[in-house]
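Use the sequences and the hints to build the structure in full.
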Amino acid sequence: MAVFSEEQTMLRDAAKAWVAEKSPVAAFRKLRDAGNPDGFDRGVWREMAEMGWTGILIPEAYGGTGLGHLTLGIVLEETGRNLTASPLVSTALAAASAILLGGSEAQKQTWLPRIADGSVVAAFAVDEGPHHHPDVLEIRVDKRGSTALLTGKKHFVAEGGSADLIIVAAKDGLYLVEGEAKGLTRQRLHSLDSRGFANLTFEAVESEPLGDIAGPVLDRTRAGLAAEMLGMATQAFETTLDYLKTRTQFGQLIGTFQALQHRAAKMYTDLELTRSCVEAALSAVDNNANDAAQLAALAKAKAGETLHLVTNEMVQMHGGIGMTDAHDAGLYLKRARVVEALYGNAAFHRDRYATLLGY
Amino acid sequence: MADLESFRAQAKAWIEANLPASLKGAGARALTDEGSASISGGRKVQWTNPDAKLWLERMGAKGWTAPTWPTQYGGGGLSAAEARVLDQELARAKAPPALASFGIWMLGPVLLEYASEEQKLEHLPKIVRGEIRWCQGYSEPGAGSDLAGLRTQAVDKGDHWLVNGQKVWTSYANYADWIFCLVRTDNSKKHEGISFLLFDMESPGVETRPIKLISGNSPFCETFFTDVKVPKKNLVGKLNGGWEIAKRLLQYERQNISSGGFGAGSGGYDLEHAAKDYVGVENGKLKDTDLRARITAHKMEAQAFALTVRRIAEESKSAKGPSPATSIVKYAAAKLNQDRTELLIEALGSQGLGWDGDGYTPQEIAAARGFLRAKGNSIEGGTSEVNLNVVSKRVLGLLDHQ
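Sequence order for the protein chains is A and B.
Each residue of the first sequence is one higher than the one before, starting from 1 at the first, in the numbering used here.
Each residue of the second sequence is one higher than the one before, starting from 360 at the first, in the numbering used here.
Check before you lean on any hint, since a few could be wrong.
Calculated pairs, DSSO-like style, for lysine-lysine (alpha carbon to alpha carbon, straight line, at most 30 Å) [stated by the list, open to error]:
1) A:245 - B:606
2) A:266 - B:752
3) A:245 - A:16
4) A:16 - B:752
5) B:549 - A:245
6) B:606 - A:266
7) B:592 - B:548
8) B:694 - A:245
9) B:646 - B:734
10) B:734 - A:266
11) B:548 - B:752
12) A:171 - A:266
13) B:592 - A:245
14) A:171 - B:752
15) A:245 - A:334
16) B:403 - B:383
17) B:592 - B:485
18) B:694 - A:266
19) B:606 - B:694
20) B:549 - B:592
21) B:694 - A:171
22) B:591 - B:606
Rather than coming from a laboratory, the hints here were simulated on the basis of the structure.
Here it is, written out as structure tokens:
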């Protein structure tokens with residue numbers, strides 16, 4: 001773990017305690033079983049806002065704390081650990097970054113305080129097909145003075161079903177669309193992870209341009225999502241490790257078998273490497289470093305690979321119980337495949353890394 | 360911070376004034392995998408470049424070959440932060456290392472922790488100044504991964520220890536002046552019957568024979584001890600308490616191997632540049648898309664590793680001794696270097712398959728030799744399998760099979 005400030009350590013401890021009490025995996029299971037269409041609990045979201053988590057990126061002048069990405073990453077890691085369902089990434093990270101980087105003063109005044117106080121849920125709509133290709137977007141933009149009309153489709157948008165504010169990526173930059181806008185239709189999806197994804201259709205929907213900032217907003221979102229994935233992978237690993245220390249077969253704890261010990265040690269190695277990448281990417285964003293894009297690609301790819309491995313091993317090492325719906329392993333596995341794909345899977349980011357390095 | 364910046368200015372000025380002109384910008388090129396590398400110091404050193412000798416004398420006198428060791432033992436007495444600044448300034452000047460020795464990065468730290476005051480005063484200053492070169496007497500023919508099964512015997516003869524036995528894989532024993540050696544002082548116990556002994560390689564009864572590796576080089580030796588007399592005062596720590604010291608030293612060894620030890624022997628090739636040259640580029644991308652993907656995966660893993668080494672260093676700044684995460688670092692470093700050297704010869708094609716002679720550049724030969732040498736990375740300093748055992752037991756708390 002990076003060397004945290006006192007403030008960051010306190011925040012992490014508070015987040016850990018809150019998640020354990022208010023949002024354990026059992027809470028997500030209940031949400032899933034109840035068929036909540038938003039894919040998150042409004043009461044939980046309100047509490048997150050009250051604790052200030054929604055305003056971590058937002059400067060004090062707009063009602064936030066402006067603590068930065070590494071600090072938000074600490075919270076995301078903790079919520080990731082327990083599969084806490086919330087629009088934190090789409091709203092407090094992606095949309096907040098888009099408005100901070102591209103918004104006019106008026107747009108900042110309008111939206112940032114509402115993001116900080118939790119009264120707005122936002123979505124970040126990028127993909128138009130089954131794969132992440134932010135460089136080839138076809139949604140049409142018809143400029144109308146200071147606004148623009150958007151026509152086209154967006155696929156698999158996180159929080160797309162419930163968002164009051166949608167940041168839309170088009171060929172020439174990002175656009176801000178209000179949830180109530182005319183011409184916008186939503187098709188809620190029932191995804192593997194039971195979260196609030198939707199396909200969106202835009203028919204001459206009025207929008208406000210935010211400028212050509214898709215690159216940095218995507219990188220920030222990826223780095224933060226990687227922190228959530230690191231938390232998920234860490235907890236999936238720790239739960240599995242506990243099982244290795246309690247499950248007995250052949251008169252032995254299964255954790256004494258070297259075949260499993262070495263696989264556990266390799267997972268631990270991957271988790272340590274992933275943590276370094278995630279923290280470096282978040283710090284690079286905070287410091288406006290030149291290699292922020294490269295480190296975000298590294299963090300997202302590495303977190304994706306590690307989470308993939310650990311969730312598979314979680315099922316396998318738990319044996320039969322790991323295949324049952326009653327066990328949490330399946331919840332981690334399902335959510336893992338979704339976040340692995342979101343904003344570019346590991347293969348996408350490996351290619352991007354090579355391209356950034358010029359080969 | 361202001362103090363650090365003033366230290367930086369001092370260090371910079373000193374390097375500017377003292378780094379001999381012929382070595383300026385030489386960088387790590389001065390390091391080789393051969394035992395004759397003058398930067399290891401010692402009584403037998405053959406100085407091919409008098410400026411390298413001068414550089415060692417100046418750095419040694421300043422204590423900057425061991426910048427964080429206390430000044431009373433010849434060290435630089437610097438704080439960890441100052442030592443990092445010194446490293447940065449040496450790197451900026453592309454200064455070659457003045458001294459790179461087992462004494463500096465393996466023996467010294469455990470002497471500081473376990474040795475008597477008299478032993479520290481006797482040995483540490485000579486390590487700092489590069490006057491004595493040390494080798495490591497650990498592995499034996501019957502004690503590799505199971506190191507504690509070692510049988511080299513030291514018998515108490517009243518006024519001295521009498522040592523008999525054989526060590527193997529003793530790196531550069533043929534160039535070393537002294538050895539730090541694990542010896543059995545109690546046959547009735549395994550781990551608790553081992554002691555940590557220091558002795559002069561010129562003592563009567565010590566013999567070394569180089570071992571030739573698949574890479575064609577001989578960094579290792581077999582070392583034989585026949586009735587070697589060792590003064591009683593050369594025992595470090597407690598009698599039969601050597602295993603703890605041995606393990607601590609291995610942590611330093613693995614930390615050092617990992618944080619830069621691997622990676623030599625690549626002929627100075629940068630993987631993606633070699634691939635560009637030998638495979639070709641189309642539309643800005645390597646022509647071989649499969650190789651491009653694998654090189655990229657490797658480079659990302661390498662960056663993740665470098666970030667981890669940096670993170671461990673930052674986190675253990677205030678802690679004493681190496682972090683337990685060191686074992687994962689050795690495992691990861693070995694795999695990375697093997698992957699890298701394999702990818703490099705693949706990128707070079709048939710030019711990566713030369714042994715020596717005409718038709719190959721020295722860099723190409725070094726790539727082929729480096730690939731062979733790298734096979735040892737997952738064996739030396741504890742095999743990768745032993746590393747994984749250490750991680751699962753010590754870090755993850757998994758138990759031994761009953």
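Here is what the structure says about each hint:
no., hint, verdict
1, A:245 - B:606, "26 Å, holds"
2, A:266 - B:752, "13 Å, holds"
3, A:245 - A:16, "23 Å, holds"
4, A:16 - B:752, "27 Å, holds"
5, B:549 - A:245, "28 Å, holds"
6, B:606 - A:266, "22 Å, holds"
7, B:592 - B:548, "23 Å, holds"
8, B:694 - A:245, "28 Å, holds"
9, B:646 - B:734, "28 Å, holds"
10, B:734 - A:266, "19 Å, holds"
11, B:548 - B:752, "22 Å, holds"
12, A:171 - A:266, "41 Å, violated"
13, B:592 - A:245, "46 Å, violated"
14, A:171 - B:752, "53 Å, violated"
15, A:245 - A:334, "25 Å, holds"
16, B:403 - B:383, "25 Å, holds"
17, B:592 - B:485, "18 Å, holds"
18, B:694 - A:266, "12 Å, holds"
19, B:606 - B:694, "22 Å, holds"
20, B:549 - B:592, "23 Å, holds"
21, B:694 - A:171, "42 Å, violated"
22, B:591 - B:606, "23 Å, holds"
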